[in-house]
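K.L.:
Sequence:
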Amino acid sequence: MIRGFFRLIGLLLLAGGFIFMVYDGARWVADQTLRFTRFGQFWNDINQTSQTAFRTWIEAKAPWLWTSVIRLVLDQPVFAVLGILGILLMILFRPRKPLIGYSRD
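Everything in the sequence shown is counted per my numbering, starting at 3 for the first residue and increasing by one.
Note that these hints are calculated values from the structure, not bench results. Computed from a prediction, not measured in an experiment: that's the story for all the values here. For glycine and all other residues, C-beta sits at the position ideal for the given N, C-alpha and C. Do not take every clue at face value.
[Claimed, not checked] Computed Cβ-Cβ distance ranges for the label pairs, DEER-style:
hint: 1; residue 1: 62; residue 2: 101; range: 39 to 49 Å
hint: 2; residue 1: 44; residue 2: 69; range: 29 to 39 Å
hint: 3; residue 1: 61; residue 2: 100; range: 42 to 52 Å
Generate coordinates for the entire structure from the input sequences, incorporating the hints supplied.
P.N.:
So, in structure tokens, the structure goes:
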């Protein structure tokens, strides 16, 4: 049951990534300039206080992590981050292959 829940979350993240890809593509067609919505900007639009709280928490635990990894993720397009997270969850929580023949004890 938990596996199915995480696969559903992965599928929703993948759908969200596709929606943002269509949104950025439509904005490109309308403006004739290629601009992607950055993940950090999207997170700021949703809830700015949670991003600053997360930043202070990460900097208290491991300051190098913010500058090297998290800032890199926040600068990526939203469709890429959501798509990769969705694909990762779908792969990690895929159903097990059935055993062929006798079951193992």
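K.L.:
Which numbered hints does this structure break?
P.N.:
When the structure is compared with the hints, only number 2 turns out to be violated.
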